[in-house]
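S.K.: Given the coordinates of chain R, assemble chain S onto it according to the supplied hints.
There are 2 protein chains.
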Amino acid sequence: MMVSELDLSRVRVVLMHTSHPGNIGAVARAMKNMGLSQLYLVKPDLFPHSMATSRASGADDLLASAIVVETLDEALADCCFVVGASARLRSISWPVHNPHECAERMLEASEDGDVALVMGREQSGLSNEELERCNYLVNIPANPEYSSLNLAAATQVLTYELRMAALARLEIKKVAAKKDYRLATMAEMDGLYEHFEVALTDIRFLNPASPRKLMRRLRRLFNRAQLDEMEVNILRGILSAAQGQKYHYEKEDKS
Amino acid sequence: MMVSELDLSRVRVVLMHTSHPGNIGAVARAMKNMGLSQLYLVKPDLFPHSMATSRASGADDLLASAIVVETLDEALADCCFVVGASARLRSISWPVHNPHECAERMLEASEDGDVALVMGREQSGLSNEELERCNYLVNIPANPEYSSLNLAAATQVLTYELRMAALARLEIKKVAAKKDYRLATMAEMDGLYEHFEVALTDIRFLNPASPRKLMRRLRRLFNRAQLDEMEVNILRGILSAAQGQKYHYEKEDKS
Numbered sequence: 000m001m002v003s004e005l006d007l008s009r010v011r012v013v014l015m016h017t018s019h020p021g022n023i024g025a026v027a028r029a030m031k032n033m034g035l036s037q038l039y040l041v042k043p044d045l046f047p048h049s050m051a052t053s054r055a056s057g058a059d060d061l062l063a064s065a066i067v068v069e070t071l072d073e074a075l076a077d078c079c080f081v082v083g084a085s086a087r088l089r090s091i092s093w094p095v096h097n098p099h100e101c102a103e104r105m106l107e108a109s110e111d112g113d114v115a116l117v118m119g120r121e122q123s124g125l126s127n128e129e130l131e132r133c134n135y136l137v138n139i140p141a142n143p144e145y146s147s148l149n150l151a152a153a154t155q156v157l158t159y160e161l162r163m164a165a166l167a168r169l170e171i172k173k174v175a176a177k178k179d180y181r182l183a184t185m186a187e188m189d190g191l192y193e194h195f196e197v198a199l200t201d202i203r204f205l206n207p208a209s210p211r212k213l214m215r216r217l218r219r220l221f222n223r224a225q226l227d228e229m230e231v232n233i234l235r236g237i238l239s240a241a242q243g244q245k246y247h248y249e250k251e252d253k254s
Numbered sequence: 000m001m002v003s004e005l006d007l008s009r010v011r012v013v014l015m016h017t018s019h020p021g022n023i024g025a026v027a028r029a030m031k032n033m034g035l036s037q038l039y040l041v042k043p044d045l046f047p048h049s050m051a052t053s054r055a056s057g058a059d060d061l062l063a064s065a066i067v068v069e070t071l072d073e074a075l076a077d078c079c080f081v082v083g084a085s086a087r088l089r090s091i092s093w094p095v096h097n098p099h100e101c102a103e104r105m106l107e108a109s110e111d112g113d114v115a116l117v118m119g120r121e122q123s124g125l126s127n128e129e130l131e132r133c134n135y136l137v138n139i140p141a142n143p144e145y146s147s148l149n150l151a152a153a154t155q156v157l158t159y160e161l162r163m164a165a166l167a168r169l170e171i172k173k174v175a176a177k178k179d180y181r182l183a184t185m186a187e188m189d190g191l192y193e194h195f196e197v198a199l200t201d202i203r204f205l206n207p208a209s210p211r212k213l214m215r216r217l218r219r220l221f222n223r224a225q226l227d228e229m230e231v232n233i234l235r236g237i238l239s240a241a242q243g244q245k246y247h248y249e250k251e252d253k254s
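Chains R and S are the protein sequences, given in the same order. For the first sequence, numbering that gives the first Met the number 0 begins at 0 and goes up steadily by one. For the second sequence, numbering that gives the first Met the number 0 begins at 0 and goes up steadily by one.
None of these hints come from the bench; they were simulated from the model. Quick caveat: nothing in here was measured; it's all calculated off a predicted structure.
A pair holds if it fits inside one copy or across any two, identical chains being indistinguishable in the list.
Okay, derived cross-link-like pairs now, DMTMM-like style, lysine to aspartate or glutamate, Cα gap no bigger than 20 Å in a straight line:
hint	residue 1	residue 2
1	K212	E228
2	K173	E4
3	K212	D227
4	K42	E69
5	K212	D179
Looking at chain R on its own, in the form it has when it is part of the complex (with noise of 0.2 Å):
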């Protein structure tokens, strides 16, 4: 993929067993809206139907291309990654997330493959079989006194933030290639912690009553920072003055 490309394409929505056609319109408008395009309906009660057409309101292409199916398989029969959302917390024990992690988890996994969002029947949600079906599932944190939204209200939210996950990823590419350093690696960031923990030995800084406790501040921050390889090269390069030493700028390999 260009850098440049915001790109949904492979990002499908699947309706279940829709009884309102005139949500099935208001859907593909929240699709379009978002940049969506591939719409799956498994065995709506009513479509083609004026409703759905009129609820489109300028999305009618994608009625146009949507595929009837009859069971969710042969919706998902090619996608790599299946989320499906559901209000009603199950008590089957599937990992549930929130629409922005789900939507970065998507948006990742579709640069191997179709990736699908499947969103349950408009009063029962998904049966426990078809839960089965997901990866993640997808919970919008609504009001628990008022917690179940409209289908073309969800799929809204749940797309926005398929668009803005995938308005940061080009973002992220974006800057990473101008970055000019790579991240360092695990083994660079042990290399420096052992460093750290000489060097402030050396130089009598470290408290050797509790030694722990001030690597493990300075881990946290570190970590924290993200370092690139030559920020590990500059602190590193500091360890070593401070020690009286001299440190060579060069790749070395701790294991």
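M.R.: Frame of chain R, contents of chain S only:
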């Protein structure tokens, strides 16, 4: 406000001259789903109306308590922060933010008083005069080829971000309550960078040919990490030890 409470009671939604009563009902449902309750209607074409009640689908308490006014000024009189939603990015240069940023700012402002989210007419959005009443404008980054969201869909996205921002603020307050040290002040950071420059010169690490480049890299690293006061003390302690001096763990006023 208690740390354990999610409170969106100070956030109102203001609908301008809504033409379809069904949209008012759908907005009320979206608001209640996300935990908002204050609905203001500026000169709606038809209200109350059976279509509003039917689309509200259980959120009719918000319709019953909705406040109908003649002008936008009446709806905003007691508000301390106002955000206007507009699909059209006008020629006037007003600060435009995405829904996530706007929601955070609104929640922050709501600690001082009521805040308002103003939604424009279905067909024409907000007029320039109405936009000028706003502190911020919010734009949902939609598909540029099909960017106009339905009124209730836009409200759903914006109130969803408000709820997510409120949840995030609760988390931050919980974390802050657990944090052991406060963030370092700018003066303390300046003291740290000065100390780096002197100490690195003392231990002959700073390259006299390009002192600024190294210092810029260190600033970028430590600014990114957002140091707390104890971390600044530790780093200065290390620098002093490297210089062969003793650094006292005391707060100092570097002015």
